[in-house]
Structures are given as C-alpha cells and as structure tokens.
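The hints should help you fit chain B onto chain A, whose structure is shown.
There are 2 protein chains.
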Amino acid sequence: MRDQISAAATEHFSRYGYEKTTVSDLAKSIGFSKAYIYKFFDSKQAIGEMICANCLREIESEVRAAVDEAERPPEKLRRMFKTIVEASLRLFSRDRKLYEIATSAATERWQATLDYEERIRRLLQDILQEGRQTGDFERKTPIDETAMAIYLVMRPYLNPLLLQHSFDYTDDAPAQLSSLVLRSLSP
Amino acid sequence: MRDQISAAATEHFSRYGYEKTTVSDLAKSIGFSKAYIYKFFDSKQAIGEMICANCLREIESEVRAAVDEAERPPEKLRRMFKTIVEASLRLFSRDRKLYEIATSAATERWQATLDYEERIRRLLQDILQEGRQTGDFERKTPIDETAMAIYLVMRPYLNPLLLQHSFDYTDDAPAQLSSLVLRSLSP
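Going down the list, the protein sequences come from chains A and B.
Just so we're aligned, residue 1 is where the first sequence starts under UniProt numbering, counting upward by one.
Just so we're aligned, residue 1 is where the second sequence starts under UniProt numbering, counting upward by one.
With the rest of the complex left out, here is chain A (with noise of 0.2 Å):
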C-alpha cells in the first residue's frame, strides 16, 4: 500500500509540482482518504521523502552500473563523475517538478540525501581503495582525506542547490575535474 500511495503520489507532484500541493490535494486527486495517507506517512514530507529516495536509488544505482562496467580505478572514477552528473541532469530535465523535491530535500537536509552523500562517499573510497591495492592510485595521503576532497570535487554536480548553477559547466567539468583529480592521485 506505500508503494501504490508513492507511486500515485509521485505522479501527482510530477504534474502539479510539491510545495504548493497539500495532503488533502493529493488524497482527493489519488482517490485515498486523508487519513488513510496518515496510516502509511506521518506527513507530506514523509511522502516526499520516500519519492526522493527513490530517485536517488535510481541515480545511485546506474552510477554503480558504470562504475562496474569499468575496469580499472582510474576508469572507474571517470565512469562515476560522468554518470552522476548524467543522471542527476535527467532527472532535473525529465522531471522539473519532481526535481523541486530534491531541492527541498537538499535545503532541509532529509535524512534521504544524507544517507545517499554517505553511500556516494563510501563508493569512493571503494574505488580509491582499489586503486590503491593496483598500484594505480598514490598512498601516502590519508584515504580519508582524499575521500573527501574529491567529494568536495563532485559536490557542485551532485548536490541539486548546486547543480542548478552549474548548468554551463556540465558538459565540459566532468572530464576536466576526473583528470585534474587523477593527476592528484597519481603514485
């Protein structure tokens, strides 16, 4: 039943957008009542939330498809940076509307986008640790660290706030920044 009121709901906010739509909107337009929506969501932004993360999901899902696809870590950190920024780029053009959810989500810092910034960090230093083991990548800097600042790299690409002001800079910065950051890693 969460998954039939998500995915009515996920329409919904696709055609009519988030913000300005209310709870008893979305009940009278999905045919639920309002309190049979509060049985399965404490509130709109739980409904939110839960589209949001599937979104997400989906992001994060053709990014590891292309990092798998990939042999090598140096290759494999090229594939991430160019799919995530694809991804999240047609989720922004395909879907405005839906996309105001993931800004929302982003300015009020939902538990959905921290978790995925965390998986997204750790896929990293999955990658970093690879490379590290094939010889690949430098190891004298703390992996931690180089985490870091490469996430901090992406950030402007993965982040929606960001993203909408990056939009010049997408086709070009993907390719560019991989290669300034695997200079950065080289042994």
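Among these hints, one or two may not hold up.
Claimed, not checked - Cross-link-like lysine-lysine pairs, in silico, DSS-like; alpha carbons within 27 Å at most:
#1 A:K28 to A:K39
#2 B:K20 to B:K97
#3 A:K97 to A:K28
#4 A:K140 to B:K140
#5 B:K20 to A:K20
#6 A:K39 to A:K20
#7 B:K39 to B:K28
#8 A:K44 to A:K34
#9 B:K44 to B:K97
#10 A:K82 to B:K140
#11 B:K20 to B:K44
#12 B:K44 to A:K140
Note that these hints are calculated values from the structure, not bench results.
Frame of chain A; chain B shown alone:
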C-alpha cells in the same frame, strides 16, 4: 559625482536591500533628484553593477595582497584559495543586503562578475606559469586545461550563488582542496 552617488547608493542598499528599492526611493533617500541620478547611471542595475564591481575589486585586492606575501607558487595557490573564501564570506556576513546585489549579478551574469571571474582565472594562470618555471609544478598538461580545472574546483567558493549552499564546508574545504590541487600539480 558618480562616486558620490555610488557611495550614497551603497549605504542605502546595504540598509534597505537592492531588489526592492527603486531609483525613486534611492533618489529621495540620498537627496538627489531622479533626473540627476539618471545623468550618471542608465538604470538601477548600472548603479548595482558599479557597487558590485567595487566589492569584487576589494576581494580581488585582498587576494592579490595575500598571494604576493607568499614566496613560492604552491603557497601562493593555498593563499589564493583561502583568501577568496574568507573575503567572499566576509562580504556575505557583513553585508547581507549588499550580498543581494552579488547574487543578482551572478544570476543575471552582469559584466562586472564576468570580468572578475576572468581576472581570477588569469591570476591563477600566472601562479601556474610561475610554478612551472620554478619547477614546483608539472609541465605536461596544457596550462589552459589546468587553470580551467582548478577554477572549477574553486568556483563553489567564489560564486555567491554556490557559496550560499557551501557554508558547511568553508572551514575545511580550502585547505583540503588546495592539497588535492597541489598533488595534481606535482611534477
């Protein structure tokens, strides 16, 4: 006279904000006639552009002074990054209302901000050039490419639209990112 109007306008905007003030409000408040103001400035934006240009010049002088104090190119680069963040944040926190002008400028891509970005990129390129001559930095990568990539790394901390979403990172990011950039530059 331009300077006198500009000084009075700066004070007025920093108290009442830029967006909501009209040239009539401004004229009344600073005791010049509207016609007189229009003799020197084509529009409110022209006044805003001048104030904005002054603020950016201030940041830039501070950055240049910090860079000049350092002896070697790697330290110059660290100082540049650190000072840009500090000076931009100071503008932000000291004059929340003047910052409004900076965000309008960045959103609408006023000439003053384009010129500023260009000068910052050139300063960066000068430091890189010097570091290549002293042997501190590698020489294989085309210098334009290196300069552009480093500029992209700094961008979230010098563009006010991005900076306002980066407060959580401004304490540590300059040092962490400078270290990453310097690793990428090692010969």
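Verification of the hints:
| no. | hint | result |
| --- | --- | --- |
| 1 | A:K28 to A:K39 | holds (16 Å) |
| 2 | B:K20 to B:K97 | holds (11 Å) |
| 3 | A:K97 to A:K28 | holds (19 Å) |
| 4 | A:K140 to B:K140 | holds (23 Å) |
| 5 | B:K20 to A:K20 | holds (25 Å) |
| 6 | A:K39 to A:K20 | holds (22 Å) |
| 7 | B:K39 to B:K28 | holds (16 Å) |
| 8 | A:K44 to A:K34 | holds (11 Å) |
| 9 | B:K44 to B:K97 | holds (15 Å) |
| 10 | A:K82 to B:K140 | holds (24 Å) |
| 11 | B:K20 to B:K44 | holds (11 Å) |
| 12 | B:K44 to A:K140 | violated (54 Å) |
Comparing the model with each numbered hint stated earlier shows that hint 12 is the single one that does not hold.
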